[in-house]
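All chains, please: the whole structure from these sequences, using the hints.
Next come the chains, spelled out residue by residue.
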Amino acid sequence: MPKPAKRPKLAVWKFASCDGCQLSLLDCEDELLAIAGAVEIANFPEASRAVVGGPYALSLVEGSITTPHDAERIHAIRRSSRMLVTIGACATAGGIQALRNFKNVREMTAIVYAHPEYIATLNKSTPIKDHVAVDFELRGCPVNKFQLVELISALLHGRKPNIPAFSVCMECKRRGAICIMTARGIPCMGPVTQAGCGALCPGYERGCFGCFGPKETPNSHSLSTIWSGLGVGEQDILRAYRTFNANAEPFRKEAESHEREHHQDH
Amino acid sequence: MEAGEQFILEAARLGELLSALAHQGYEVIGPSIRDGAIVYEPVHTVDDLPRGWTDEQGPGYYRLRRRDDDALFGFNVGPHSWKKFLYPASHRLFTATCQQNGTQGAFRIVEEVPSRQPRYAFLGVRACELHAIAILDKVLASPNYTDPDYKRLRESTFLVAVNCTQAGATCFCASMGTGPGADSGYDLVLTELLEGSHRFVVRAGSSRGADVLAALTTRVASAEERELASSQLDHAAAHMGRQLDTGGLQALLYRSYDHPHWEAIAQRCLSCANCTLVCPTCFCTTIEDVTDLSGDHAERWRRWDSCFTTAFSYLHGGSVRSSTKARYRQWMVHKLAAWIDQFDESGCVGCGRCIAWCPAGIDITAEARALREAQAAGAHAP
Ligand code: SF4
Ligand code: SF4
Ligand code: SF4
Ligand code: SF4
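Those sequence lines, one after another, are chains L and C. Everything in the first sequence is counted per the numbering used here, starting at 15 for the first residue and increasing by one. Everything in the second sequence is counted per the numbering used here, starting at 113 for the first residue and increasing by one.
Simulated from the structure, these hints should not be mistaken for lab results. Hints are not guaranteed to be accurate.
With beta-carbon atoms standing in for the labels, derived distance ranges [what the hints assert, rightly or not]:
#, chain 1, residue 1, chain 2, residue 2, range
1, C, G164, L, R189, 25 to 31 Å
2, L, A64, C, R231, 56 to 62 Å
3, C, A438, L, T81, 57 to 63 Å
4, L, E230, C, N256, 30 to 36 Å
5, L, E54, C, Q454, 50 to 56 Å
6, C, F206, L, R93, 41 to 47 Å
7, C, F206, L, T123, 23 to 29 Å
8, C, R177, L, V126, 50 to 56 Å
9, C, Q454, L, R87, 54 to 60 Å
10, C, F219, L, E230, 29 to 35 Å
Here are some chain L residues pointing at chain C (derived, C-beta under 7 Å) [to be verified]:
#, residue
11, A52
12, T196
13, Q249
14, S271
Backbone N, C-alpha and C fix where the C-beta goes; we use that ideal spot for every residue, glycine too.
This is how it looks when you write it as structure tokens:
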């Protein structure tokens with residue numbers, strides 16, 4: 015009997031996050047058996063407590079760096095991984111918890127915890143790429159499971175993943191959806207947001223929330239001008255950029271410009 | 113029946129046309145209201161048509177409005193174009209299998225056999241859209257370079273044109289010489305008359321059109337009715353919402369390659385690609401090769417692409433058009449200038465979709481005018 019080919023080891027790592035991205039992988043019910051057949055799942059906290067030692071062919075990293083301990087841990091993971099891919103807005107941009115980056119974190123821990131002196135937390139929530147080299151970033155809050163399977167398939171077979179960096183508008187138009195910003199005057203983040211969700215929200219007459227973060231060459235300033243024209247106030251424009259990808263540079267800068275204008279207004 | 117003879121079909125009998133087309137095995141696609149817009153979708157009865165509705169359009173703006181009559185085609189073009197059916201947004205070109213699990217097995221391409229070979233009848237094709245289809249024919253079905261899927265769909269498609277008796281605020285077909293009346297390329301053409309009784313002037317443009325027309329309950333149009341129909345087209349031509357001065361435009365655009373105005377447009381342009389995807393003549397696609405996890409099965413897909421993505425001009429080492437300025441310039445210069453070198457005509461039919469569906473409301477006619485004025489001012493500067 016031929017010896018079964020050695021399967022590459024896949025590990026999933028968790029940092030500061032809600033586990034939603036790992037759950038997207040678990041949600042790949044139909045594909046999970048095939049994934050388990052193609053790779054050896056060495057570490058996957060949401061699925062099993064067993065941990066198989068490295069090195070790993072592929073590490074999927076969920077979550078952002080928010081503690082001194084995690085800032086160390088990510089280096090060990092990088093050293094034992096041939097490919098390191100961040101999954102989701104937390105790992106890629108710092109996540110919703112990066113809202114702390116715009117406030118004083120000590121003041122916040124003092125309000126929330128009875129004994130803030132026991133809280134060892136960094137002033138900022140930062141993406142994985144600020145700490146170690148990252149081979150690929152999978153966007154989304156949470157990631158899209160089809161993109162996740164596509165990424166794993168592509169890496170296993172040594173091909174380029176089909177994960178475009180263009181706008182959500184492209185997906186809207188490809189599926190024949192009607193632009194809600196043009197036909198209904200609903201503010202939409204789609205023109206500055208990277209595709210990947212299949213234009214989910216515009217399909218339900220909701221403006222895009224920007225879950226997949228800034229697209230390639232985003233023109234956030236122009237979009238804000240359009241939103242103002244639709245009657246959206248400065249404070250709400252600021253909030254639109256301060257969500258899951260608040261710390262991604264184009265969104266952070268756009269929000270800051272509205273913070274300034276907002277303060278000047280008052 | 114004389115070739116080009118005009119007949120009257122009462123509006124109440126339009127259903128006969130839909131039935132006749134269905135009877136001949138056509139899947140009728142026509143205007144229908146969905147999600148706040150008039151889109152092109154399968155229509156089964158006259159009740160599916162947007163009776164009594166119109167559209168109000170402007171830069172980055174589109175709204176449905178009620179009319180005060182029962183017009184069935186009392187609107188202009190919406191977010192969809194017929195390329196959605198003739199050249200679908202996502203199309204699988206082939207699948208391939210690899211017999212032995214992931215190793216050096218026999219690789220075999222399985223030709224795509226369409227499970228369904230639709231024969232479309234497009235109902236309500238506007239004059240600018242007939243021209244857009246003719247442009248796509250030149251690009252995708254020329255004798256030298258033929259897209260077999262396009263050609264097959266196109267040849268079997270029956271075209272029912274509708275003349276525009278009103279022009280929209282973003283329309284400029286009169287400038288492009290493509291409308292508002294359909295001149296050729298249709299099987300049947302209708303002109304809707306609302307004065308007096310609600311009726312259509314119908315004319316066949318092909319023998320298969322004449323066959324369908326013969327199956328309908330019609331009468332010969334009177335001289336007054338023919339006159340009324342043509343005066344409505346004159347009225348529409350005189351009331352275009354926009355104009356584009358095409359005189360020397362190609363040379364002007366080539367001369368403007370380094371003009372600072374492109375940067376001014378790039379300040380507003382989102383590089384979102386909406387303009388190219390709504391344009392009825394933009395034909396660019398990308399190819400995606402996918403494998404499944406086992407590696408035993410692969411597929412090749414063709415999907416709509418746009419010169420507004422960085423991947424579009426990616427060569428080894430990076431994107432050739434990394435700036436938004438370069439990408440907007442590519443779009444406009446291709447549509448209005450380079451297309452003429454390639455295909456002996458403009459790539460723009462003046463439908464105005466790129467103006468209405470640009471979230472930033474960038475208006476290709478206004479930008480062309482701005483470049484012309486800037487050049488003129490520059491020429492007169494000391
Ligand atoms: S709805 Fe939003 S994402 Fe869709 S085309 Fe309009 S602006 Fe773009
Ligand atoms: S360039 Fe604009 S106006 Fe011209 S055909 Fe395309 S969408 Fe219509
Ligand atoms: S304008 Fe752009 S998308 Fe349209 S045909 Fe030309 S290169 Fe292709
Ligand atoms: S011109 Fe308008 S529709 Fe086209 S890419 Fe720029 S912002 Fe988008």
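Hint check results:
The supplied range of 25 to 31 Å is met by C/G164 and L/R189, whose beta-carbon atoms lie about 28 Å from each other. Distance hint for L/A64 and C/R231: a CB-CB separation of about 58 Å, consistent with the stated range 56 to 62 Å. The hint said 57 to 63 Å for the Cβ distance between C/A438 and L/T81, and at roughly 44 Å that hint is violated. At about 34 Å, the beta-carbon gap between L/E230 and C/N256 stays in the expected band of 30 to 36 Å.
Look at L/E54 against C/Q454: about 53 Å separates their beta carbons, and that is inside 50 to 56 Å. Under the hint 41 to 47 Å, the C-beta atoms of C/F206 and L/R93, about 42 Å apart, fit the expected range. Evaluation of the 23 to 29 Å hint for C/F206 and L/T123 yields a failure: the beta carbon distance comes to about 58 Å. Here the CB-CB span from C/R177 to L/V126 is close to 52 Å, well matched to the stated 50 to 56 Å.
The hinted range of 54 to 60 Å is satisfied by C/Q454 and L/R87, whose Cβ atoms lie roughly 57 Å apart. In this structure the supplied range 29 to 35 Å holds for C/F219 paired with L/E230, their Cβ-Cβ distance being about 33 Å. Proximity of L/A52 to chain C holds as hinted, the smallest CB-CB distance being about 5 Å (cut-off 7 Å). The interface hint given for L/T196 is met, as the beta carbon of that residue sits about 5 Å from the closest beta carbon of chain C, less than 7 Å.
Checking L/Q249 against chain C: minimum C-beta separation of about 22 Å lies over 7 Å; hint violated. Violation of the interface hint for L/S271 is found here, the shortest Cβ-Cβ separation to chain C being roughly 14 Å, above the 7 Å cut-off.
Hint violations for this structure: numbers 3, 7, 13 and 14, all remaining hints satisfied.
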